[in-house]
Structures are given as C-alpha cells and as structure tokens.
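Asks: Spelled out, the chains give:
There are 2 protein chains.
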Amino acid sequence: MNQKKPAVWYEHLHTEKDTGARRGRIHTPHGTFETPMFMPVGTQGAVKGVDNKTLKEIGSQFILANTYHLWVRPGDELIAKAGGLHKYMGWDQAILTDSGGFQVFSLAKARKLTEDGATFKNHVNGDKMFLSPEVAMRIQNNLGSDIMMQLDEAIPYFETYDYVKESMQRSLRWAKRAKDYHKKTDTQALFGIVQGAGFRDLRTESANELVKMDLPGYAVGGLSVGESKKEMNRVLDFTVPLLPEDKPRYLMGVAAPDSLIDSVIRGIDMFDCVLPTRIARKGTLMTKHGRVVIKNSKYKEDFSPIDPDLSYYSDNPIRTEQFGNRARYDVPGYSPYQNLSKSYLHHLFNANERLGAQIASEHNLRYLLNLMEEMRKAIEEDRLLEFRKQVLEDYGYNKKDARLF
Amino acid sequence: MNQKKPAVWYEHLHTEKDTGARRGRIHTPHGTFETPMFMPVGTQGAVKGVDNKTLKEIGSQFILANTYHLWVRPGDELIAKAGGLHKYMGWDQAILTDSGGFQVFSLAKARKLTEDGATFKNHVNGDKMFLSPEVAMRIQNNLGSDIMMQLDEAIPYFETYDYVKESMQRSLRWAKRAKDYHKKTDTQALFGIVQGAGFRDLRTESANELVKMDLPGYAVGGLSVGESKKEMNRVLDFTVPLLPEDKPRYLMGVAAPDSLIDSVIRGIDMFDCVLPTRIARKGTLMTKHGRVVIKNSKYKEDFSPIDPDLSYYSDNPIRTEQFGNRARYDVPGYSPYQNLSKSYLHHLFNANERLGAQIASEHNLRYLLNLMEEMRKAIEEDRLLEFRKQVLEDYGYNKKDARLF
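So the protein sequences, as listed, match chains P and G.
For reference, each letter of the first sequence is one residue, going 1 to 405 in my numbering.
For reference, each letter of the second sequence is one residue, going 1001 to 1405 in my numbering.
Please keep in mind that the hints were generated in silico from the structure rather than gathered at the bench.
Check each hint, because a few of them may be wrong.
DSBU-like mimics (lysine-lysine), calculated; alpha carbons at most 35 Å apart, straight line [what the hints assert, rightly or not]:
| # | chain 1 | residue 1 | chain 2 | residue 2 |
| --- | --- | --- | --- | --- |
| 1 | P | Lys282 | G | Lys1282 |
| 2 | G | Lys1298 | P | Lys184 |
| 3 | G | Lys1081 | P | Lys300 |
| 4 | P | Lys298 | G | Lys1081 |
| 5 | P | Lys295 | G | Lys1087 |
| 6 | P | Lys109 | P | Lys17 |
| 7 | G | Lys1165 | P | Lys48 |
| 8 | P | Lys295 | G | Lys1005 |
| 9 | G | Lys1048 | G | Lys1017 |
Away from chain P, derived, C-beta distances all over 12 Å, residues of chain G [claimed, not checked]:
| # | residue |
| --- | --- |
| 10 | Arg1025 |
| 11 | Thr1032 |
| 12 | Gln1044 |
| 13 | Lys1048 |
| 14 | Ser1106 |
| 15 | Thr1119 |
| 16 | Gly1126 |
| 17 | Val1135 |
| 18 | Thr1187 |
| 19 | Glu1205 |
| 20 | Asn1208 |
| 21 | Asp1302 |
| 22 | Ala1351 |
Pair ranges (Cβ atoms, derived) [claimed, not checked]:
| # | chain 1 | residue 1 | chain 2 | residue 2 | range |
| --- | --- | --- | --- | --- | --- |
| 23 | P | Ser297 | G | Arg1111 | 42 to 50 Å |
| 24 | P | Glu77 | G | Lys1298 | 13 to 21 Å |
| 25 | P | Glu301 | G | Gly1290 | 42 to 50 Å |
| 26 | P | Arg278 | G | Gly1226 | 40 to 48 Å |
| 27 | P | Phe303 | G | Arg1173 | 35 to 43 Å |
| 28 | P | Tyr163 | G | Gly1290 | 57 to 65 Å |
Beta carbons: idealized from backbone N, C-alpha and C, even for Gly.
Given only the sequences and the hints, what does the whole structure look like? Please build it.
Replies: And the structure:
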C-alpha cells in the first residue's frame, strides 16, 4: 500500500466523551475543512439564490454539485474545457459531486436499468442518455470535484429483502467498476456508498466489501428517503461502526437539526441537503426557535428581527489560497438577520420581491452552518448531549424526543 | 432666511474647465455622498436581486424607492411604525423617494385627474386610492426618506403647448402645496420638479417659479420619456442654467452611458433608472464594450471574463456611522466579474438559475456606479471631454456621436 496521502484524507482531532462523536478535518486539494460539516447544494453549479462571496461569509466549506444536472446542462466536456467546475463556477474551496444516479431515478423519464447501467431520457429536452459507473466517473473526472461518488441505485427504503440484496450487490460491483475506471486519484477522491436499506446483514455485507476496496471515504446511502428518524438512527447504529475510523463518513440528504445531531452522535462527518434553500424559496425560515413560515399574516407587523441570535459571519477559519480569510464589515457584529425584521421579509415575499428568497436562502444556510459550528464546539468541549437537548428544546421538537437519546 | 443648513445640502468641490460639469457632495442626515451620482432603484423597498451588503460593496450611495409601490404594499403607516424606511429595509445610507405620480400615470387604472389630485385604482388589488400633493408628502414623511419629490403630472414629451402649459402650471401649484404641507424640513428635503416638455418659455417659467420657492434641490422632469437624446440635451442646455448653483440637480430616469455623461456636462448631479436591473434580469449586461446579450448562443463556450476591466469594490469612501467603510476581501482585486466567465453566466440563464439574474443585476449596477466614479475623477482632473470620447468609443456608439459635443 502506498503511504502517500490520498487526494482527500481525514484528520481526527477529538472524540466526544459521552457519545463518541467525531471532531475532525478533511484535507482536500482545495483546502482543509472542519467536520462535522453541512454542505450547501449547488445543483447546477450555483447554490440557488446565494452567491459565492456570501457562501464564504456565512462559513460554507464544501459545496455539493449535481453530476446529472451539469451533464445535461452545460455538459461536463464544456466544463472540462473551462478548466473544471471550480474555475467555471468561481468556487475555490472544495466541491463534492454526486454520481447522477439519484436524479436518474427521480427526474429522468423512460428509465431502463441493467447490470451495465441505466438508459433514460433527460428531463430537459428528452435526449436519450446512458449512465454507467464508468460514465459517472468520466463526468466527475471532467468536473474535477474533490470528492466523487460512485454510481449506485437509489431505491425506496421499504423494498423486499431480495430486491434490496440484488440492488446492493449490483452497487458493490458498480463501486469496483468506478474504482477501476478512476485514474486521477492524486487530485480526486472516490467515495463508496453503503446500501442495504434497513437490513443489518445487507448493510454489513455492503460496508465490509466496500471497506475491502480501500476507498478514501464512505457514504451511507439509501437513508432520509421516507423512513422514520428512529429507523434511520437504528441503521446508523449498526452501519457506521463498520466504517474505518481514519476516513470521512458522509450521510446523504439530511438537514433536519435533530437528524444532524443524532447522526453526528453516531459518527457521521458530512451532510448535504437541498432542504434549506428549497423551503427558503417558499418562505420558510429555519431558526433557533423552529420553523417560521414568513408569509403568515401574523408577521405582517412583526418588527422583531428575523433571527436575533444568529450571527452573520462564521468564526471558523477557512483555509484556501485564493482568498485567505473571509470578508468582514469593518464594524463587527453586522448581521442581516439581526438588522431586518420579519415584517420586512413578509413584505418581500408578499410583493414577490426576489430578494426575499435570497435572504431566506442565505439565512437557512447560515442557520445550518452555524449549527454545525456550535456542534463542533460542543464536541470539543464534551457536552454534545447537553447541546442536543438545548437545540431540540429551542427548536420545538416535543420534549419526549429531546430526552430520547 | 434661516442660516441653518437644510436637511440636504450641496457642497461644491470643482467645476470642470472645458464643460462646467460639477463635482460635489450631497450632505444628508444619513451620510455625505459624492456627485455626480447614479442611484440604484429599490422599487418596493428592495433593489431587485441585490442585497444591501452587495450594494455597499459596489459603491451605492443613495438608493431610490417608489412611494406608490410602498404605499400600496406594505403601506406607509406600517413603515412608519417600523421606524421609517431606512430601518425597515436595513439601509443606513441616504434614500430618495419619488412622489408616486409616475406610477399613478403608468400603472394604475381608472385614473381621474383634477386640480386637487388624482383618483385611481391600484394595480395590485384594484382598491380606489387618492393621491394629492399633500398625500404624497404625508406618505414620504412616513417613509422618512432624505429627499422627497413633489407630486407632478407625468405627461408624454410630445403634447400640445396648451396642455403642457396647463400641466406645468398645475405642477407649480402642487409644488407650493407640497412645501406648505411639509413640516419635517430638519430631517427631510423636498425637491421641486421643473416641467415644460420641450418649450423653452414653459421650462423657464417652471424653473423660475420653483427657484422662488427656495426648495433645497431641483429635478428636471418630463425627460427620458421617448424624446431623442439630442432633444433631451437641448432642453437641459436651456433649463439647467436656470437652477441655483448651490443646490443639487437631479435628472430622473436616465441610465444610458452617453446620456449620463452628456447630462453631467450640462450640470446634472444625480440620476436614477430601473434600466440596469431590468435588462439584467433578461440577461443583458452593460459593459465597457457595450451591451452583452448573454443568452446568445455565441457565449456558450466563451470562457472570457464577464467584464475583465471592471473592479468589484468601489474606491469611493462612503461616510456613514453604522458601517464605516465597506467590506473587502482580505485579498485585494477580488471581482466576480473577473472570476466568472460569459459561458458560466450563459449557463445560469439557460438553466433558469436565479443566480444569473443576481450576478447580472449586481454587475450592471457596478458598471454604472464605476462609470460615475470614473466620471468624478475625470471632472476633478479636467478631462471630461476626453473621457466622454473614450467611453462612447469603447461602448460602441458610432463615432460621429462620440465627436458630437
């Protein structure tokens, strides 16, 4: 085995005393970033409504981009010509790309799945396309993301044992094919995805076989697709311990504050989800005291701040070469969430002002990035359970849940 | 006459040697700002697609808000309860509000005009409303803008002499009524509006009568409504000299680079227009080398920067108490317009990504704010005609025009 560090590697800093939650760092060709982390989603090479400068200011580290969408528009070869996705979208920090599989199984039409891969018609112009483990790698190699995901099959949580087994084993074969195809291991890291739905033996087989492939990181897939939170925790309880301690662990598609904390408690380092920006565009804010549906008429004359306790700027140093540390106003403590009222944001949504969705999107991302910052601190200070209790109580989860763990 | 300075006053710095163009400052209760200036328009209390922080970074000084829109939604009394428009929209620099008249004459339905004012149905829910010189002042007093405009009648440029005369004289009477109503002269300045279309004697009567009212500033109204640029220059040539030299002069609704320069040459200090953000949302960029229609397929693989010569941050110090100077990245020279390509912006518009309109809106405003910064420097250095020639040539106006003055 080569002793040279792979493109992406995990540095462990601290294990929380009560829960075993991990505080670490992920080193990438585009900087070093703190875990546990939440990754904003930039579906088509842009986080919806939030520009790069703002993303940096609110403490974004990695962002996630969708292989399927970029493949369809503007095309991975065009992005390669432009010098890769980082340069194309002007983002000098780390990027994770998914495999495209999830969108093929949710957005595309006329899908046909074989051992080889999936043929389908794309959702934009209906062109027939073919996605295989190798194609997913070729596209992601063209995009030049720091972390690439293997192609797997996105299946519903409640499928039959036989179907889940067959699909999981196919995903394992696809992981092997992805690894064999991928040659740019010095600049891009391929992560495997553990499948197996709620079946412990299938999760175990999936994890063990993937670990044997010695990939630089692993995701737990097939969760956050409609199963209960309790069920998700149960799967994480027996799956995460199977993954190596010296590599990053990524749980896909999670953004609910309780799930973030409960998954970190179970050893997860990385998360992504479109939820914060998607609900923002409809006018729902995630705040310390729970969701605020800002279009509600009760906010019409509510002149209290959007989120008085939420600071704007991240205190977390980002290490990248191009920009150094983030911008700051000369006057400390500036925060749009403290300076703007619920009434104002209500007005913007009511009057169809696009700035409303922008502010709400930025706010929700900052809420989650700040939550992760506070969670990292709570791990460092060995008080994660106390932190969990407080966050859940503040957010308004019922008190039984908040005491559950 | 009281020797105390009014709420808003003009400080003259330099007169350009060849043209007589003015370089000055406008002092307001919300800071001191450099002229000549361009004011971004925040129609409903928000500049479409550009947040306050970005507005500051790109060097915005005053912004303009529309009385009619804020009256309809969310209502001027609500904004007064919130502590005024500055606080409501989180903008601590100066605000100019129009009278609402322009929208009544362009957007509203079932309009009926009398000496007293105008009744109409608003464009949002059809409610019957009444706007008079006094109501326009009451609303603007509630908004608390630094500069308020008198109600006038917005008429087409090519009307009969008799109609223009009658309308101009009514506007004069309305100016008097506005002045009589306005009691908050220590914090808000009322500007009069010179009317008279293309008729020199009517413009003269209007200007002379308004100047007798000793208002703190004057606008030239009824221009940029379809007449030729030559015609607009002709009116400015005989109108502006009638206005006092020690007060700000404002030309409404102008954003074309040649018109901005030619009007500054004729003694104008302030401009506003929705054009830069409106065309941005459709994908048109204003650049040093003319308009770029970014949706055009020729930009699909054009990896050159959006605008390589346009710097992001204003060098122009803004003097306000809350924020001090603007934010900056720690690394100098950061500019989204230099870091992002035409191909990327083409993709964002092509894929209906809202970030496209945001970047384009910010870009066009920065283009104009930067143009004004360079124009101020050219005045200071007595090389405005040379500057005009260069800007017009670069922008692609035909060479005959560029030599015209």
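Asks: Which earlier hints can't be squared with this structure?
Replies: Result: hints 6, 7, 8, 9, 12, 13, 21, 22 and 23 break, sorted rising.
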